[in-house]
Amino acid sequence: MKRTLGTCYYPEHWPEEIWEADARRMAETGLTWVRVGEFAWSRIEPCEGKLEFDWLDRAIETLGQAGLKVVLGTPTATPPRWVVEKHPDMIAVDADGKPRGFGSRRHYCFSHEGFRRESDRIVALVAGRYGKNPYIAAWQTDNEYGCHDTILSYSEAALKAFRLWLETRYGSIEALNRAWGNVFWSMEYASFDEIGLPNLTVTEPNPSHTLAFRRFSSDQVVGFNRRQVEIIRKVSDAPISHNYMGRFTDFDHFKVGDDLEIATWDSYPLGFLEDRVGADDAWQRAFARQGDPDFQAFHHDLYRAVGKGRWWVMEQQPGPVNWAPHNPAPLPGMMRLWAWEAYAHGAEAVCYFRWRQAPFAQEQMHAGMLRPDNADAPALLEARRVADELRQAPDVSAPRAPVALIFDYDADFAWTTQPHGAGLSYFQLVFETYKALRKLGLSVDILRGETRDFSGYKIVAAPGLIYMPQDLKKVLADADAKVVLGPRTAARNADMVIPVPLPPDMPGLDVTVSRVETMRPDMPMPLRGGGCFTGYREELEGAADTVFELEDGQPAILRSGHLTYVGGWCDEAALKRLYSELCRDAGIETMDLEGGVRCRDTDGFRIWTNYGAESADTPAGRMEAAGVLLERKREPVRSGI
Amino acid sequence: MKRTLGTCYYPEHWPEEIWEADARRMAETGLTWVRVGEFAWSRIEPCEGKLEFDWLDRAIETLGQAGLKVVLGTPTATPPRWVVEKHPDMIAVDADGKPRGFGSRRHYCFSHEGFRRESDRIVALVAGRYGKNPYIAAWQTDNEYGCHDTILSYSEAALKAFRLWLETRYGSIEALNRAWGNVFWSMEYASFDEIGLPNLTVTEPNPSHTLAFRRFSSDQVVGFNRRQVEIIRKVSDAPISHNYMGRFTDFDHFKVGDDLEIATWDSYPLGFLEDRVGADDAWQRAFARQGDPDFQAFHHDLYRAVGKGRWWVMEQQPGPVNWAPHNPAPLPGMMRLWAWEAYAHGAEAVCYFRWRQAPFAQEQMHAGMLRPDNADAPALLEARRVADELRQAPDVSAPRAPVALIFDYDADFAWTTQPHGAGLSYFQLVFETYKALRKLGLSVDILRGETRDFSGYKIVAAPGLIYMPQDLKKVLADADAKVVLGPRTAARNADMVIPVPLPPDMPGLDVTVSRVETMRPDMPMPLRGGGCFTGYREELEGAADTVFELEDGQPAILRSGHLTYVGGWCDEAALKRLYSELCRDAGIETMDLEGGVRCRDTDGFRIWTNYGAESADTPAGRMEAAGVLLERKREPVRSGI
Amino acid sequence: MKRTLGTCYYPEHWPEEIWEADARRMAETGLTWVRVGEFAWSRIEPCEGKLEFDWLDRAIETLGQAGLKVVLGTPTATPPRWVVEKHPDMIAVDADGKPRGFGSRRHYCFSHEGFRRESDRIVALVAGRYGKNPYIAAWQTDNEYGCHDTILSYSEAALKAFRLWLETRYGSIEALNRAWGNVFWSMEYASFDEIGLPNLTVTEPNPSHTLAFRRFSSDQVVGFNRRQVEIIRKVSDAPISHNYMGRFTDFDHFKVGDDLEIATWDSYPLGFLEDRVGADDAWQRAFARQGDPDFQAFHHDLYRAVGKGRWWVMEQQPGPVNWAPHNPAPLPGMMRLWAWEAYAHGAEAVCYFRWRQAPFAQEQMHAGMLRPDNADAPALLEARRVADELRQAPDVSAPRAPVALIFDYDADFAWTTQPHGAGLSYFQLVFETYKALRKLGLSVDILRGETRDFSGYKIVAAPGLIYMPQDLKKVLADADAKVVLGPRTAARNADMVIPVPLPPDMPGLDVTVSRVETMRPDMPMPLRGGGCFTGYREELEGAADTVFELEDGQPAILRSGHLTYVGGWCDEAALKRLYSELCRDAGIETMDLEGGVRCRDTDGFRIWTNYGAESADTPAGRMEAAGVLLERKREPVRSGI
Ligand SMILES: [Zn+2]
Ligand SMILES: [Zn+2]
Ligand SMILES: [Zn+2]
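Protein chains in written order, with full-length UniProt numbering: chain S, 1 to 641; chain V, 1 to 641; chain F, 1 to 641.
Just so you know, the hints here were simulated from the structure itself, not pulled from any lab data.
This structure is a prediction, so every number in the text was calculated from the model and none was measured.
Worth double-checking, as some hints may not be accurate.
As the list claims (entries may be wrong) - Calculated cross-link-like contacts (lysine-lysine; reagent style DSBU-like; alpha-carbon spacing at most 30 Å):
id, chain 1, residue 1, chain 2, residue 2
1, V, 86, F, 98
2, S, 98, F, 86
3, S, 474, S, 458
4, V, 50, S, 86
5, V, 2, V, 86
6, V, 132, V, 50
7, S, 160, F, 2
8, F, 50, S, 160
9, V, 98, S, 160
10, S, 98, V, 132
11, S, 98, F, 50
12, V, 98, F, 98
13, V, 50, V, 2
14, F, 86, V, 98
15, S, 86, V, 576
16, F, 98, V, 160
17, F, 2, F, 633
18, S, 50, V, 160
Said to hold, decoys possible - Examples of chain S residues lying across from chain V (beta carbon under 10 Å, computed):
id, residue
19, 16
20, 87
21, 101
Where is the CB? At the ideal position from N, CA and C, for every residue including glycine.
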């Protein structure tokens with residue numbers, strides 16, 4: 001399959017007279033894909049039952065005639081005002097009990113049956129109209145599930161649905177009381193109807209309660225999405241996708257992905273560095289115009305797994321955005337680099353968001369490929385260069401990596417429920433591990449928590465899996481790969497209760513976590529030989545061999561055979577030591593990449609990117625700032641592609 | 001007109017027995033003015049319809065008999081409890097939807113018709129009673145409109161009025177949808193009754209929506225005030241004033257001022273430095289007992305414009321206040337300096353707030369001219385010295401300055417709606433420009449955005465005017481003065497939409513802002529030759545001459561003829577370079593004032609103030625800490641006055 | 001009386017089969033006391049009227065048979081769900097108006113009569129069942145009144161009760177209006193039914209209003225507790241206690257203590273250092289595993305006073321806790337040290353919370369004396385060592401100290417109502433004074449504000465007593481001790497109004513506070529001779545002798561005879577100077593203790609503790625980290641006990 005480019009287009013924002021010129025210009029730029037329709041409900045159905053598809057028919061026809069393939073979005077992320085007037089209680093409610101009303105987007109509660117029926121209805125109408133349209137080459141359900149913190153809703157609809165969900169899961173209220181330990185503070189319920197949502201309690205609610213609500217809320221998204229998929233499937237053979245986001249963990253993307261053919265995600269490297277990567281000030285300054293050198297790669301690998309191999313960037317940052325605390329312009333070349341990095345990780349398509357900057361409404365400061373005055377914006381010029389390069393570029397490729405890293409949304413729910421120390425986050429733990437592997441020059445496959453076949457991997461890293469089912473323990477205990485566990489591995493049972501025997505209780509590994517402590521971030525605990533534990537640390541007992549120890553001689557990392565247990569939160573230096581030793585033992589070659597230089601292996605090629613603002617020397621030669629380099633395995637091909 | 005002094009007095013707070021002694025002591029201190037009545041509603045009308053004017057009759061008589069002129073306030077800032085019991089829904093509602101109830105002051109929503117009628121009624125009663133009273137020499141409407149964040153109310157009354165306001169402005173809902181770009185996220189309305197207030201939305205509302213609500217809220221204040229004015233005018237010839245505040249931009253003061261004869265403001269230099277100037281820690285320490293050396297001057301110039309030349313300080317800080325995070329005592333001499341600085345800017349009167357410190361209620365820690373035990377407080381002693389000095393001082397004077405600086409509340413509404421980068425503020429932008437001009441020794445006139453006649457000015461600075469009507473563009477393009485535009489000049493149309501052609505689209509100036517970015521404050525962008533852009537920066541195209549450029553060679557400040565466009569947020573050094581060069585070209589002499597020394601020109605005199613905590617050498621000679629010096633133009637008159 | 005140990009046990013959390021082994025193990029460890037029952041309402045009364053006491057009968061029998069003495073808690077801190085269903089409006093309401101619902105604990109409003117009746121009922125049932133049980137050796141009412149910020153409730157029930165409380169206190173609404181100065185902003189009420197709660201006002205409410213609400217809220221706790229005490233007293237002769245908390249000042253503990261025989265408190269040194277001591281980062285790092293060296297001692301002395309001499313630690317931190325921002329493990333030895341420090345201050349008992357770590361619910365990360373898997377946790381081993389040491393240790397002892405320090409909850413209410421400067425706190429002021437005295441090696445008695453007999457003390461420190469009744473002034477003026485007053489002494493009358501003559505208006509001390517200022521914390525005001533005032537400072541007049549003066553020569557600390565007035569907030573160095581001079585004059589020997597070394601005198605012994613993480617030299621010899629040393633007065637007894 002060829003690597004492709006695309007964009008997001010809103011014909012409803014522009015006079016019909018310019019659609020054809022727009023479409024032609026897209027094609028000339030070398031774009032293959034154009035996404036439309038995902039916010040257009042008020043134009044498709046301006047009031048209840050009045051359908052106006054003609055304009056969309058013509059828009060799709062115009063785009064298709066220009067040679068573009070259309071991705072059609074269901075418009076459920078923006079229910080029009082009349083839908084809200086009809087169902088006033090469809091509005092989600094925040095943790096403070098405040099309604100989250102009309103006036104922007106995503107103003108619906110996933111649990112509201114009335115809105116779910118409206119969603120079914122509009123999806124059926126759109127799918128029915130375009131299911132056989134030859135230009136519709138893919139679908140997108142809704143848009144960015146969860147954006148603006150919209151997964152957890154504390155509405156009456158959610159309460160009702162949560163009680164049912166609990167009844168299905170636990171069967172009897174006695175079973176729930178027992179499983180959650182509700183006796184603790186006389187929190188026992190006499191019936192499911194007595195259970196509330198875990199907000200507005202005097203102090204923190206029972207973590208079992210909170211975790212159950214997070215799982216329920218995730219399941220509501222999965223169910224909502226599945227209804228759309230089932231409706232579309234009946235009438236269309238085109239693949240169905242959804243566009244996920246960066247560092248977003250409020251629902252289980254793998255479970256949503258199970259119902260879809262393609263995973264896509266919306267990649268805004270500069271916005272992300274500003275508002276969610278969590279880097280220190282010096283790092284933020286150094287990469288302010290380029291983005292964090294590992295953050296996008298991590299999500300590429302994550303969504304490749306969510307998409308079961310098929311994935312896109314559906315929205316690629318095209319210039320300054322409007323929503324971060326600060327919104328710098330990208331360093332020239334970065335919009336090309338980001339595309340190539342996506343291809344390096346196996347992307348089938350990279351679509352720039354959006355075609356022309358909208359002069360109005362919430363995103364008027366969000367750049368496009370065209371300026372509001374129709375002039376080429378830098379994104380268009382860089383996209384054109386990528387299109388040229390793609391003509392003779394190798395096909396989509398994502399060969400198995402030597403190292404696997406498990407990412408499990410349920411573990412994130414549990415850590416979020418109970419971080420134990422301020423600022424500790426499962427996502428951060430996994431991401432720092434990923435970063436360490438990348439800086440060793442390694443390509444990584446991210447695997448979901450439900451994975452049971454690890455054959456082919458030399459190393460499997462599974463940090464922070466706070467709940468680990470017995471069958472996963474067994475598979476890892478029997479694996480050929482070197483397996484890295486801890487911290488917090490198997491520290492809770494399925495209901496967020498500490499198991500006895502104490503964790504990790506792993507076959508083949510005589511390690512017991514006897515006590516857990518969290519520390520101020522400014523009190524690192526040095527390891528003998530370099531590196532530190534920071535923030536979180538476990539006291540370990542057991543006969544396993546000590547691999548690393550703390551400076552006071554207490555065991556820090558233990559090992560039996562292929563199983564390694566890490567009893568704390570490793571800093572960068574500790575991770576580097578740990579994984580470079582493991583790689584050496586596993587016969588994996590490593591490098592020592594500094595600054596913004598990174599690489600990834602595809603079939604036949606190693607693709608290098610330089611996120612640095614300065615040129616840099618790399619194992620494959622000198623690279624310019626924002627440079628991209630395809631190195632044919634064992635021999636460089638060409639510089640700057 | 002002679003410069004005068006005054007105070008604020010609350011006869012209702014004290015036993016009637018001491019009124020006469022108080023009045024005599026005021027007169028002996030050299031005060032001319034005494035403001036009364038603005039919080040006394042519960043004593044004038046203790047319950048509905050029961051009027052008790054006798055005590056106020058006697059108080060005014062006592063003050064008048066002592067030779068004082070009375071400023072009488074309408075008491076609408078503090079509706080008594082019974083008014084709220086009668087109109088429970090008159091209470092304003094905050095952005096979270098919480099009521100802002102009785103128990104302090106300003107607990108009314110400007111849009112509530114029931115309360116508006118109560119306001120009409122009590123104003124008519126007070127004005128009727130005292131309209132012809134010979135001692136009433138001026139009126140004050142209400143008190144500090146907007147204090148405690150009370151302009152924006154999200155009540156039902158506001159919602160109803162907002163819908164009407166929109167209907168009047170846009171005529172049809174289709175026009176509104178079009179003007180706002182509501183198609184963007186299917187936010188289109190079918191009628192004005194569907195429009196909500198722009199709070200409690202899932203993510204930010206449409207900026208057109210927010211801006212409209214800010215304009216509406218400002219208009220509600222203007223309308224509320226106008227009703228009071230119309231009622232008073234019917235029965236009194238005395239001038240009418242209102243006391244504004246510092247760094248307060250939630251309503252258009254110029255529009256309120258259009259209905260009044262005099263603008264007054266409440267000047268608390270130490271409290272302001274603590275809670276709103278926004279200076280860094282070192283500056284705050286250096287001026288903790290003196291206040292920022294430019295903040296008061298800026299507001300003096302601003303309110304001179306609001307008052308169309310006639311303005312007072314209605315409340316002058318008399319010692320420590322009660323409301324700032326920290327409340328230091330002024331450096332000895334500052335209460336005199338602040339008065340003289342007001343006179344330097346054309347004040348007719350300076351009134352100290354308040355006569356005697358109240359031992360009870362919210363402001364019990366707010367100093368007065370007298371201590372609670374009736375002893376002289378430092379403010380009284382300094383006021384007496386000013387009174388002595390005033391006897392032989394020149395009259396009120398505010399000659400036209402060489403430099404004009406535009407301040408436009410509507411621009412502030414727009415910047416607040418969409419700062420684009422964290423912490424960017426229109427007020428700050430204008431204030432920093434003002435500071436730079438002051439440090440060059442310049443006297444400045446502040447002009448409103450509606451100004452169309454700039455004749456007589458050598459320089460007109462108009463930073464940040466995000467919406468600029470065509471006729472203003474034309475006037476500035478044709479002006480004789482050197483005009484400084486940017487950043488963000490004309491970046492939006494009247495409905496907060498980006499115009500095409502792109503901004504500034506200024507006749508006679510070939511500059512186009514092709515892209516905008518905001519940066520972390522710790523990433524300044526150096527200019528060749530000194531100074532930096534910080535936080536905000538525009539990419540500029542066009543044939544105009546480059547005046548300043550960034551170190552990477554990109555244009556930063558462009559010029560054609562008398563029009564200069566500044567494509568970023570200048571730091572102090574950049575502003576100094578820019579304006580000293582402009583002054584040189586315009587034939588304006590400049591100085592280089594450091595620390596806390598500043599000056600201002602009046603007819604015949606240059607008045608110097610030293611805000612520093614140490615004595616300092618100035619072009620007019622050595623000045624003590626907190627010193628004041630009147631220099632006769634070209635020759636010093638006397639030191640220390 | 002022998003010093004004793006104990007623990008907190010939840011038989012309802014564990015299978016009945018293990019109760020007997022648990023009880024035996026407690027006894028073998030050397031524990032005397034076991035607290036039970038305080039969260040067990042849902043097991044005692046699973047639904048309305050259905051009582052299940054059998055299990056508790058058996059649990060108490062089992063514990064008693066093992067030789068343990070039982071402290072039985074009333075279960076009112078955790079009303080079961082059915083109680084809330086029956087009384088939905090019993091839920092407290094926070095200052096934002098949000099309900100504080102079921103799902104954790106303390107979800108009741110102290111003012112709700114319906115819940116008060118439920119409390120009476122369940123207490124009567126429990127007391128009736130166990131009042132004569134020979135194993136019940138003490139009672140505990142409720143649990144940690146006020147925990148999770150639960151004293152102030154803004155509910156309808158509280159409003160109703162507050163109005164009654166005000167009517168009782170003031171008699172007539174005119175008296176209240178006058179006392180509060182409600183005329184100030186037309187805040188006058190026509191009847192008590194018009195008074196609201198002091199939340200949700202536009203700006204701060206009248207401080208008299210806020211202070212009254214704080215006093216009312218405190219009285220509600222006193223009344224609630226008294227009802228429980230009266231019910232228990234009818235049927236039991238065992239002493240009654242309540243377990244207070246650290247740095248908790250929302251109700252008057254002395255008034256609650258008046259109704260009880262024993263005061264206990266819950267001491268979590270590491271959690272407290274993390275979340276409430278307020279130390280700087282370096283101090284927090286230095287003592288992260290040991291706790292602040294003075295914070296526990298302060299509360300020991302405080303609660304000894306609250307308990308009129310009889311006091312316990314009811315919950316002693318046994319390892320990492322679950323609730324602080326970071327939760328480190330204690331340095332080995334600290335769980336022993338904390339116990340010995342309690343004994344040094346006169347504790348009768350120290351009970352570790354809790355016996356076995358609960359694997360479920362909110363406190364699953366809270367260590368116990370046993371791990372969840374039943375293995376000994378470090379706390380058990382250290383407790384066993386303490387038990388061994390206690391066998392030959394001296395008896396409970398708390399001789400009168402040479403120095404008295406007044407702590408008054410009502411003063412804290414007033415400071416909280418009106419700190420005047422950001423961050424100023426009465427608790428902090430008193431605690432810093434305490435710290436200074438401790439570092440001079442002094443033993444201190446804390447006395448309540450109602451104390452009128454100071455005989456036997458050489459120094460009485462009374463900082464910050466913002467309201468001082470006339471009789472206290474007189475007693476202090478006549479005292480034999482050196483008395484230290486200020487800052488803010490007698491600065492308000494009983495209704496939070498500034499008195500005239502101005503404060504302190506102290507017989508025998510010619511000092512008047514003429515003006516008050518608060519300063520940024522980074523602007524210390526140096527004193528001649530060393531030390532500074534920081535944050536807060538008064539200008540002083542009067543003929544008293546200047547003891548300390550500011551560097552600019554203004555008086556800072558004045559004295560007449562035995563009365564010293566401190567006109568500002570002293571830093572550590574100033575306090576050290578002031579009190580070491582006073583001690584010298586009073587003939588009290590002092591030391592100069594640095595780091596974490598502290599001592600306290602009991603009958604015959606000086607008990608030393610080293611909170612440091614390193615060994616240290618002390619006047620009594622070298623001490624290990626976490627070391628304890630009993631020095632026989634004038635001669636050391638044994639090191640390390
Ligand atoms: Zn998006
Ligand atoms: Zn004021
Ligand atoms: Zn507790």
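Hints, one by one, checked against the model:
For the given pair, residue 86 of chain V sits about 26 Å from residue 98 of chain F by alpha-carbon distance, which is consistent with the 30 Å threshold. A C-alpha spacing of about 26 Å is found between residue 98 of chain S and residue 86 of chain F, which places the hinted pair at or below 30 Å, so the restraint holds. Pair hint residue 474 of chain S plus residue 458 of chain S holds up; C-alpha atoms about 17 Å apart against a cutoff of 30 Å. Among the hinted pairs, residue 50 of chain V with residue 86 of chain S is inconsistent with the structure: their alpha-carbon atoms are about 49 Å apart, more than 30 Å.
The hinted pair formed by residue 2 of chain V and residue 86 of chain V fails the criterion: a straight-line CA distance of about 46 Å is larger than 30 Å. For the proposed pair residue 132 of chain V and residue 50 of chain V, the alpha carbon gap of about 22 Å is at most 30 Å, so the pair holds. Distance hint between residue 160 of chain S and residue 2 of chain F is unfulfilled; the C-alpha atoms sit about 57 Å from each other, more than 30 Å. Our distance criterion of 30 Å between C-alpha atoms is met by residue 50 of chain F and residue 160 of chain S, whose separation comes to about 29 Å.
At most 30 Å may separate the alpha-carbon atoms for a hinted pair to count; residue 98 of chain V and residue 160 of chain S meet this at roughly 27 Å. Among the hinted pairs, residue 98 of chain S with residue 132 of chain V is inconsistent with the structure: their alpha-carbon atoms are about 52 Å apart, more than 30 Å. Simply put, residue 98 of chain S and residue 50 of chain F have alpha-carbon atoms about 38 Å apart, too far for the 30 Å limit, and the pair is violated. Distance hint between residue 98 of chain V and residue 98 of chain F is fulfilled; the C-alpha atoms sit about 10 Å from each other, no more than 30 Å.
Proposed proximity of residue 50 of chain V and residue 2 of chain V is contradicted: the alpha carbons are some 41 Å apart, above 30 Å. Distance restraint check for residue 86 of chain F and residue 98 of chain V: the Cα-Cα separation of roughly 28 Å lies within the 30 Å cut-off, and the hinted pair is therefore satisfied. About 59 Å separates the Cα atoms of residue 86 of chain S and residue 576 of chain V, which puts this hinted pair outside 30 Å; it is violated. Proximity of residue 98 of chain F to residue 160 of chain V is assessed by CA-CA distance (about 26 Å); at most 30 Å being required, the pair is judged to hold.
For a cut-off of 30 Å, the pair hint linking residue 2 of chain F to residue 633 of chain F stands: about 20 Å separates their Cα positions. Simply put, residue 50 of chain S and residue 160 of chain V have alpha-carbon atoms about 29 Å apart, close enough for the 30 Å limit, and the pair holds. The restraint placing residue 16 of chain S at the interface with chain V is violated, with a minimum CB-CB distance near 13 Å, outside the 10 Å limit. The beta carbon of residue 87 of chain S comes no nearer than 14 Å to any beta carbon in chain V, farther than 10 Å, and the hint placing it at the interface is violated.
Restraint check, residue 101 of chain S versus chain V: the minimum CB separation of about 5 Å is within 10 Å; hint holds.
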